[in-house]
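*Asks:* Residues per chain, in single letters:
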Amino acid sequence: SAVISQKPSRDICQRGTSLTIQCQVDSQVTMMFWYRQQPGQSLTLIATANQGSEATYESGFVIDKFPISRPNLTFSTLTVSNMSPEDSSIYLCSVGETGGLLTEAFFGQGTRLTVV
Amino acid sequence: QKEVEQNSGPLSVPEGAIASLNCTYSDRGSQSFFWYRQYSGKSPELIMSIYSNGDKEDGRFTAQLNKASQYVSLLIRDSQPSDSATYLCAPQGGTGRRALTFGSGTRLQVQP
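Read top to bottom, the protein sequences are chains A and B.
Residue 1 is where the first sequence starts when you use my numbering, and the numbers rise one by one after that.
Residue 1 is where the second sequence starts when you use my numbering, and the numbers rise one by one after that.
Hints listed in this document are in silico derivations from the structure and should not be mistaken for laboratory results.
Check each hint, because a few of them may be wrong.
[What the hints assert, rightly or not] Selected chain B positions facing chain A (in silico; Cβ < 7 Å): (1) Ser-40; (2) Pro-44; (3) Leu-100; (4) Phe-102; (5) Ser-104.
[What the hints assert, rightly or not] Restricting the straight-line Cα-Cα distance to at most 27 Å, the calculated cross-link-like pairs of lysine-lysine (DSSO-like) are: (6) B:Lys-67 to B:Lys-56; (7) A:Lys-7 to A:Lys-65; (8) A:Lys-7 to B:Lys-42; (9) B:Lys-42 to A:Lys-65; (10) B:Lys-42 to B:Lys-56.
[What the hints assert, rightly or not] Here are some chain B residues pointing at chain A (derived, C-beta under 7 Å): (11) Gly-29; (12) Ser-32; (13) Arg-98; (14) Ala-99.
Computed from a predicted structure; not experimentally measured.
Each residue gets a CB set at the ideal place from its N, CA and C atoms; glycine is no exception.
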């Protein structure tokens, strides 16, 4: 499977500021996704990062709050804008790899964000 | 109704026993199903995938799928303390989606 490097691994940020999370993959991948995992909760899809076009956001997530870039097939960024304590979560980059009838998803190590 | 339902647990089993984890899903269009293991403070790790009805075995793990009942399960044989983690069920492919929809997870505790 692809090796996914995500950084920073953790950060503590002041409310009202923004943080950009980077996701680098060691091979070209078609599908990249961003998830959020709030404390004690499961994973929630934020958006699908589309190469060369605007990301596709899930209900409840908007581009102004979570702008995403994907300039090529190996790299994507997620920005958490104008942060509040409610944004404290783990943010996870995921890539999809297709083999046969399955598209398996693999995760980066995550970014643990604390907003104070 | 939640899209993916799992018993949150904790499910406690003695070492060496079989752990049985269950998951139901609402989207009949789901094509593939995945089980992830997540240790505390770590990201999810893929352990099993299945897309055909029936059983699929890989080492100590067996995934079972029944699309008619919209049910998928994971059996862990000879459970070890290192299996103690949260197990996430994730269907894929319903309504043309490639992203995964995760259940809330079942926390498994294997007692030495």
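*Asks:* Hints first: check each against the structure and report whether it holds.
*Replies:* We went through each hint and held it up to the structure:
no., hint, in the structure
1, Ser-40, "violated (11 Å)"
2, Pro-44, "holds (5 Å)"
3, Leu-100, "holds (5 Å)"
4, Phe-102, "holds (4 Å)"
5, Ser-104, "holds (5 Å)"
6, B:Lys-67 to B:Lys-56, "holds (14 Å)"
7, A:Lys-7 to A:Lys-65, "holds (19 Å)"
8, A:Lys-7 to B:Lys-42, "holds (14 Å)"
9, B:Lys-42 to A:Lys-65, "holds (25 Å)"
10, B:Lys-42 to B:Lys-56, "holds (26 Å)"
11, Gly-29, "violated (15 Å)"
12, Ser-32, "holds (5 Å)"
13, Arg-98, "holds (6 Å)"
14, Ala-99, "holds (5 Å)"
When each numbered hint is compared with the structure, violations occur for hints 1, 11.
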